[in-house]
Structures are given as structure tokens and as C-alpha cells.
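Heads up: take any position in the sequence shown, counting from 1, add 21, and you land on the numbering used here.
Any given hint might turn out to be false.
Said to hold, decoys possible - Only pairs whose alpha carbons sit at most 25 Å apart, straight line, appear in this in silico BS3-like list of lysine-lysine:
1. K495 to K204
2. K213 to K265
3. K550 to K536
4. K79 to K45
5. K550 to K581
6. K536 to K480
7. K495 to K206
8. K227 to K550
9. K598 to K579
10. K45 to K128
11. K179 to K210
12. K577 to K550
13. K602 to K617
14. K319 to K213
15. K480 to K227
16. K159 to K213
17. K585 to K598
18. K159 to K145
19. K204 to K275
20. K227 to K176
21. K204 to K159
22. K270 to K495
23. K270 to K210
24. K602 to K581
25. K270 to K227
26. K159 to K386
27. K270 to K204
Worth flagging that the hints you see were computed from the coordinates, not collected in a lab.
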Amino acid sequence: MLRYSPMIETLDYYLNQYTISDLKALAHLLSLDVPNHKAELVRWMSQYIRTHLEQIIKELSDLEQNILSEVVHSGRGWFDEKRLYAKYGRDVPRLYIDLTRVRNASKLHFFIYGGNIPSDLRDKLQNLLPQPPDFTIKTISDLPAFISVVTEPDKKRKLVIRETESDAWHDIQAILRLAQEGKIKVSAKTGKPTPGSTALVTGMLKGGDYLFPENESSENDSQGVLPIKAFAWPVILQGSGLAKISDSKLVLSKKGEQALNRPAHEVIEQAWRDWLKYRTFDPLSRFELIRGQRGKGKRYLTPPMDRHYEIEDALCEVPANEWILCDDFSRFVQAEHYFQVSRNLWTLYFSELQYGALGYEGFSKWNILQGRYILLFLFEYAATLGLIDIAYTHPAGARYNYRNIWGLDDASFLTRYDGLMYFKINNLGQYCLGHTTEYTRPAISEKHMLSLDDDLMIKIVVPLQPGDISYLEKIADQIDKDMWQLNGKKLLAFIEDGESIENVSRFFLQRAEGKSLPVEFGDFLQDVKLRSTIVSDEGEVQQFRITDESALQILKNKQKPSDKFRVLNDGTILVPKRAVKAFREELHELGFGIGKSG
Numbered sequence: 022m023l024r025y026s027p028m029i030e031t032l033d034y035y036l037n038q039y040t041i042s043d044l045k046a047l048a049h050l051l052s053l054d055v056p057n058h059k060a061e062l063v064r065w066m067s068q069y070i071r072t073h074l075e076q077i078i079k080e081l082s083d084l085e086q087n088i089l090s091e092v093v094h095s096g097r098g099w100f101d102e103k104r105l106y107a108k109y110g111r112d113v114p115r116l117y118i119d120l121t122r123v124r125n126a127s128k129l130h131f132f133i134y135g136g137n138i139p140s141d142l143r144d145k146l147q148n149l150l151p152q153p154p155d156f157t158i159k160t161i162s163d164l165p166a167f168i169s170v171v172t173e174p175d176k177k178r179k180l181v182i183r184e185t186e187s188d189a190w191h192d193i194q195a196i197l198r199l200a201q202e203g204k205i206k207v208s209a210k211t212g213k214p215t216p217g218s219t220a221l222v223t224g225m226l227k228g229g230d231y232l233f234p235e236n237e238s239s240e241n242d243s244q245g246v247l248p249i250k251a252f253a254w255p256v257i258l259q260g261s262g263l264a265k266i267s268d269s270k271l272v273l274s275k276k277g278e279q280a281l282n283r284p285a286h287e288v289i290e291q292a293w294r295d296w297l298k299y300r301t302f303d304p305l306s307r308f309e310l311i312r313g314q315r316g317k318g319k320r321y322l323t324p325p326m327d328r329h330y331e332i333e334d335a336l337c338e339v340p341a342n343e344w345i346l347c348d349d350f351s352r353f354v355q356a357e358h359y360f361q362v363s364r365n366l367w368t369l370y371f372s373e374l375q376y377g378a379l380g381y382e383g384f385s386k387w388n389i390l391q392g393r394y395i396l397l398f399l400f401e402y403a404a405t406l407g408l409i410d411i412a413y414t415h416p417a418g419a420r421y422n423y424r425n426i427w428g429l430d431d432a433s434f435l436t437r438y439d440g441l442m443y444f445k446i447n448n449l450g451q452y453c454l455g456h457t458t459e460y461t462r463p464a465i466s467e468k469h470m471l472s473l474d475d476d477l478m479i480k481i482v483v484p485l486q487p488g489d490i491s492y493l494e495k496i497a498d499q500i501d502k503d504m505w506q507l508n509g510k511k512l513l514a515f516i517e518d519g520e521s522i523e524n525v526s527r528f529f530l531q532r533a534e535g536k537s538l539p540v541e542f543g544d545f546l547q548d549v550k551l552r553s554t555i556v557s558d559e560g561e562v563q564q565f566r567i568t569d570e571s572a573l574q575i576l577k578n579k580q581k582p583s584d585k586f587r588v589l590n591d592g593t594i595l596v597p598k599r600a601v602k603a604f605r606e607e608l609h610e611l612g613f614g615i616g617k618s619g
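Go ahead and model the full structure; you've got the sequences and the hints to work with.
Below you can see the structure in the form of C-alpha cells.
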């Protein structure tokens, strides 16, 4: 019996590892008379294989030739059964360790031994075999309206389609505003948003979070499912450096303040890039049923960045603007962009370590661990940032491939992401993934939501999103149910907090009829802009006092308009703290020093 070997040896070495029975079973595939003694049979077999390589290859099926090409042209020359299954399906021939009990074994056994291609055959085979075919991922033109519930085959559940691009445009600004106001509370240790904060964020999202009671089966509620989108945004703000934790709440960084005045698609693209390499928070922690992540198992977890880059690379290679089945995409990642979640699966477990360790056969299959992580990546982050449109249902009964795992008998779903079925890379996704350097925001279907009058009145014609209402509250007063009026004091305060008149104008232009603002409306905004710059903030000052009249007069005479300090008639001198050092040096030049007060 041939053992699997991590070392790649020569053909003669591998043949000598076989018993005489194995060698005869291998020779039987040739239907030729062969020597009876092992040493002679090894020499005969080695010579025959070397001189009949092309003939044996021609006798392989097309699938077997593709499999051999995959192994020959792979970096290690290794028969990776799981990856090959992912690419070619269950028809991939099995390679047996013991050939004496197998009938009609594949002739791939002449080339692959112990999972390896002999080192002295590999170069020859590389010259004889073409590169393997590319992985072809299927796309879908028309999505089904309903899908079957796995646990109840006769039951159908609605498939919810969510276009996320315009959602992300709205949400990124709304969440940045919440952080600017210090309203997003998080754990100082983990950075996870508190339940109260996710509820607040949900209320600000365009269309709310992904799952609603009307989309769920009647026997299940949102327990263990929500939040998804509302959880992701605070994490994204931290991971992208747009916000940081201060006193257990998020505050905007300088980068975040600048983002308020940048085009949303540029902010989203940079946030995506930065989140991919975020190390502080591991999304795997969202798999509450997998235990051991914070104990001994933590040291064996792979960096999230490594997983994310592999999935993103796969996204870059699939067609855009076409629906893709998530399971097909998962197989593509497994075949072409394989990644690990843990280097020691025995440290992670379901329910109890003794019986539920992921190291047991079948407990950590690709679709259980990596496949679920891909769903998380797509659902919670790629869709939230608006890169992909998604089609999903409630997770209960959507996937049931974990039912044989110990301790999960009563679980209605493995992860909250089990309901994600299809996705489609949209135009924003193409921009963020580097498919194109140009991006045009999609037309806003809710155009003409507002009506603007010259008397600074704002009428809501079509109901606004929560984030838009919140924005309106910062610049106007509500007069009636659907009537608002611009407020100059609020506008000035808003500008002091980092907003720009250009953004305010853009807010109205995108939601009101016409290509320009009413004259009085536009003039008012420009007047506010002018008034907002009349007084400048010079920062904190340090106060000094001169008691000698002659010294006071000398200092007044020497003062230049460019000097940062100001000398008052009563002998008081005001100096910005940032200019105190320069002021001291100037005093020294004049022959004066600064004494202690009192």
C-alpha cells in the first residue's frame, strides 16, 4: 500500500513503495502480460510509463486529462482533491491508496503517486499537456421569485432583491453624521456597537436593515439574525480610519471630517480598501455558534486581511452586472483563491470541544467554514458598502448542510448570512474593485422629493429617508408636517461643525426639481457662506501683562501687522498658544523677559 508523502520523489521510488499485489493491480490497467517478481515488475513498469507517456495520456478521458493538467501545472504538483472537486464537480476520479480492492481504477494512477507527480515525470508532462481550462462561473439572467425551504421542501419563501448602490450613497453620509454627533456607542475593548447604537443606526439607514418580519417565515423572528447592515457600518468606520473610539463612542477622525465634503463614491472606495486590511476586528466573531475564538483558538486564526484579499481577488475575476449563485462563487474561491480561517481546527468547536471540534471529519468542510465566511463578506460588508446587489431570504431553513454536526440539531440556521443566495457586482462595485477609473452615480429615482420656494420654504413632496430628515433638521425648522424653512443660525452652526455650503446646495439639487436653486434660496446660502468666514478661530491664547509704561510703548512701536500677538492699551498682551515661543524670542530681542505672575 502506498502512503501519501509530503516529499516529491522519483517514479522508481514510488513504484518501489508498492507491494507486488499493488503493482500487479496497476499493471492490470494496461491489459498486458507483466513479470511476476517485484524488482523486475518495477523496472518493467518504470520503462513502460516513460516510453508510453503520450499513449497513456491519449487513453485518458477529457476530464482525466484536465485533472492531470491541473496537477502538472500547479505550483506544487499536488493532487488537491477538494479544489478539483470545487472546479470539476463530483465526477473527479478518485485516487486510491490500495489498488488491490479497486476495479476499473483511473489511469491517472500511472502519473500520480501518494498525491504527487514524480519529479522525473513532471517536466515531460508539462511539455505534453496544455494549461488546464479556466474556471467558468455561471451567471443567471432571471432570478426565481421564490426558493424552497430546505427543511420543508413543499414550502416556498419569497426571494428579496436589494439594490444597494443608492443605499450606500445615502448611508455613508448619514452614519458619518451620527459619528460626528457622538451618537454611536461601542465597546471600548472590541469596537462592537452597542444594541442601542445598532437600533439608532438602523433607523438612519435607507430602507432599514436587510431583514424584516414580513420577509421571514412565521415561526421565526429576528432573534439571532439582526443586525447586519447596522452592525457593519460602525465597524467599517473604524476599519477605514474614518472614526475612532473615544470614551466608548465613535468620533470622526480628521479623515472622517474630510469625508463629509468628498464625493460618496470616493469615500466608499477608500473605505473598502482600508476595511479589507483591518486587523483589530475579526468578522469570524460574528459566527456565534463557533466557540473557542477568544481562547486557545485565537492564536491559530489567520489574519482577516489574508481571507479578504483572496475573496476580493475572486470578485475581480467574475462578470459584473450579472447575477451569480453564491454557492458557485464559493466553489470558484475554493478552486482558484483558497484561504484558511484557522491553522488548527481542533481549537474551534460547536457546543462542546470534546464532541464538536471542527477538526472532526465533516465539521469544517469548505461550505461550513470558508463558504459561510464568504457569505458574511458579501452580505455584511460588500453589500453594505454598495458594491453588490443581493437576493436573499430569511436564513432559517435556507441551508441545512450542517445537520450532521454534533450539537447543532436544534439550530434553525448556522449563521445569520445563510439566506444570501445570489449577488451581482454593480457599477459602484466595478469602480471599487478597480474595473474602471470612472464612476457615474445612478439617476436618483426619488427626484423631486422637495419643492423649494423663494421665501426659503421647503415642502416635502415625497417622503424622505431617515438620513435626509436628520440632515434637514440641522439646517431648517419644521413649520408644519411637510413644511420646513431654512434657518441661518442652524446653517452657521452646521458649517462650524465641518459642513460646506456646497454640500447643502448639492443636497437640495439632488432632491428638488430644476437644475438650479431658486434665486432667493441660492443667494441666502451664499450669504451664509460669506458670513461663516468673517470671524476666524485663531485657537486658544495665552495672556501676558506689561506694567512698565515705557516697555509697553516700545512693544507697541515694534509691533508689525504680521505679528501674531496683540497689545492692548491696558498693558494686556494676547498671544495664540502656538505663537508663544516666537513671542518670547521677540521679547528677548527687545531686552525683556517674562516673570512669574503675583
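Checked hints:
1. K495 to K204: holds, 15 Å
2. K213 to K265: This hinted pair holds, its Cα atoms lying about 12 Å apart.
3. K550 to K536: holds, 21 Å
4. K79 to K45: holds, 22 Å
5. K550 to K581: Status violated; Cα separation ~30 Å.
6. K536 to K480: holds, 17 Å
7. K495 to K206: holds, 21 Å
8. K227 to K550: violated, 29 Å
9. K598 to K579: holds, 20 Å
10. K45 to K128: Distance of about 14 Å is within 25 Å: holds.
11. K179 to K210: Distance of about 39 Å is beyond 25 Å: violated.
12. K577 to K550: Not satisfied, since the Cα-Cα distance of roughly 35 Å exceeds 25 Å.
13. K602 to K617: OK: K602 and K617 at ~16 Å, within 25 Å.
14. K319 to K213: Judged against 25 Å, a Cα distance of about 18 Å means the pair holds.
15. K480 to K227: holds, 20 Å
16. K159 to K213: With a Cα-Cα distance of about 37 Å, the restraint between K159 and K213 is violated, given a limit of 25 Å.
17. K585 to K598: holds, 10 Å
18. K159 to K145: Roughly 34 Å separates the two Cα atoms, so the pair is violated.
19. K204 to K275: Within the cut-off at roughly 18 Å; holds.
20. K227 to K176: violated, 31 Å
21. K204 to K159: Distance ~44 Å between K204 and K159 Cα, so the pair is violated.
22. K270 to K495: holds, 21 Å
23. K270 to K210: Distance of about 11 Å is within 25 Å: holds.
24. K602 to K581: holds, 17 Å
25. K270 to K227: The hint holds at about 23 Å.
26. K159 to K386: holds, 23 Å
27. K270 to K204: Between K270 and K204 the Cα gap is close to 7 Å, so the pair holds against 25 Å.
The structure fails to meet hints 5, 8, 11, 12, 16, 18, 20, 21 from the earlier list, while all remaining hints are met.
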